[in-house]
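Q: Chains A and B, in that order, give the protein sequences. Residue numbering for the first sequence is 1 to 100, as defined by the UniProt record's numbering. Residue numbering for the second sequence is 1 to 100, as defined by the UniProt record's numbering.
No wet-lab data here; the hints were simulated from the structure. Don't be surprised by glycine CBs; every beta carbon is placed ideally from N, CA and C. Among the hints, a few may not be true.
Said to hold, decoys possible - Simulated crosslink set (DSSO-like; lysine-lysine; CA at most 27 Å straight-line):
no., chain 1, residue 1, chain 2, residue 2
1, A, LYS9, A, LYS91
2, B, LYS9, B, LYS91
3, A, LYS98, B, LYS91
4, A, LYS98, A, LYS9
5, A, LYS9, B, LYS9
6, B, LYS91, A, LYS9
7, B, LYS9, B, LYS98
8, B, LYS98, A, LYS9
9, B, LYS91, A, LYS91
10, A, LYS98, B, LYS98
11, B, LYS9, A, LYS91
12, B, LYS98, A, LYS91
13, A, LYS98, B, LYS9
Claimed, not checked - Quick list of the computed label-pair ranges, beta carbon to beta carbon:
no., chain 1, residue 1, chain 2, residue 2, range
14, B, ARG86, A, SER2, 26 to 32 Å
15, B, GLN89, A, SER61, 35 to 41 Å
16, B, ASN88, A, VAL19, 26 to 32 Å
2 protein chains.
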Amino acid sequence: MSEFGLYTKFTAHDGQRDVLVQILLEAADSMALVDGCDLYVVNIPDDEPNGVWVTEIWRDSVAHDASLSLDTAMALIQRARPLIARVNQIKLRPVGGKGI
Amino acid sequence: MSEFGLYTKFTAHDGQRDVLVQILLEAADSMALVDGCDLYVVNIPDDEPNGVWVTEIWRDSVAHDASLSLDTAMALIQRARPLIARVNQIKLRPVGGKGI
């Protein structure tokens, strides 16, 4: 595999997580037709009241980079930005597994 | 969804990561027939020479817990344990997305 993976943790401002989760679920919906996006899952951690983790797997990093400049993505990023206090990201190389 | 997700980071002892990755890929193969396992991906992070991350999504936490006592899983855990210096785990509730 030459796939590209990401774990992205968004920490929302107090009281803003639920709205942020909805925007990220819209982003997930908008991925349905995006070529090269194999996985985009929105997750709520069990121990961080303001946290949201997004798990992504892409055909390669080029496909991921290209997705960020889609009109839909840029509009969603603009709506999400004021809700977000911090972003942490772990870049991964998926080497195999089940379900992808 | 009432699904259950996990990011598990294994930190291998120096020089042991490649062997650990192979064992985790065997674990991924053994998941093929395990009921309730929707995703099991082995990933190498780009900035930690001894790290391996496993991304899992299960139908629910009961299915995940049950998988740990399968003979194959127990044998793999026993082989992997001496290679591992540390384990960190993030428990997640997947709320939606693409690819699962």
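Q: All hints, please: hold or fail.
A: How the hints compare with the structure:
Proposed proximity of A/LYS9 and A/LYS91 is supported: the alpha carbons are some 12 Å apart, at most 27 Å. Restraint check: the Cα-Cα separation between B/LYS9 and B/LYS91 comes to about 12 Å, which is no more than 27 Å; the hinted pair holds. Pair hint A/LYS98 plus B/LYS91 holds up; C-alpha atoms about 19 Å apart against a cutoff of 27 Å. Distance restraint check for A/LYS98 and A/LYS9: the Cα-Cα separation of roughly 23 Å lies within the 27 Å cut-off, and the hinted pair is therefore satisfied.
Only pairs whose Cα atoms come within 27 Å are accepted, and A/LYS9 paired with B/LYS9 is accepted, the gap being roughly 15 Å. Straight-line distance between C-alpha atoms of B/LYS91 and A/LYS9 comes to about 13 Å, which keeps the hinted pair within the 27 Å bound. Simply put, B/LYS9 and B/LYS98 have alpha-carbon atoms about 23 Å apart, close enough for the 27 Å limit, and the pair holds. This hinted pair checks out: B/LYS98 and A/LYS9 have alpha carbons roughly 18 Å apart, not beyond 27 Å.
Taken as a hint, the B/LYS91 and A/LYS91 pair is honoured in the structure, with Cα atoms around 19 Å apart against an allowance of 27 Å. Simply put, A/LYS98 and B/LYS98 have alpha-carbon atoms about 15 Å apart, close enough for the 27 Å limit, and the pair holds. A hinted pair counts as satisfied when its Cα atoms are at most 27 Å apart, and B/LYS9 with A/LYS91 qualifies at roughly 13 Å. Of the supplied pair hints, the one linking B/LYS98 and A/LYS91 holds, its CA atoms being roughly 19 Å apart against a limit of 27 Å.
Note on A/LYS98 and B/LYS9: the hinted pairing holds, with a Cα-Cα distance of about 18 Å set against a maximum of 27 Å. B/ARG86 and A/SER2 have their C-beta atoms about 28 Å apart, which keeps the hinted 26 to 32 Å range intact. Our hint of 35 to 41 Å for B/GLN89 and A/SER61 is violated, since their Cβ atoms are close to 26 Å apart. Taking the beta carbon of each, B/ASN88 and A/VAL19 are about 29 Å apart, inside 26 to 32 Å as hinted.
In summary, the one numbered hint that this structure violates is 15.
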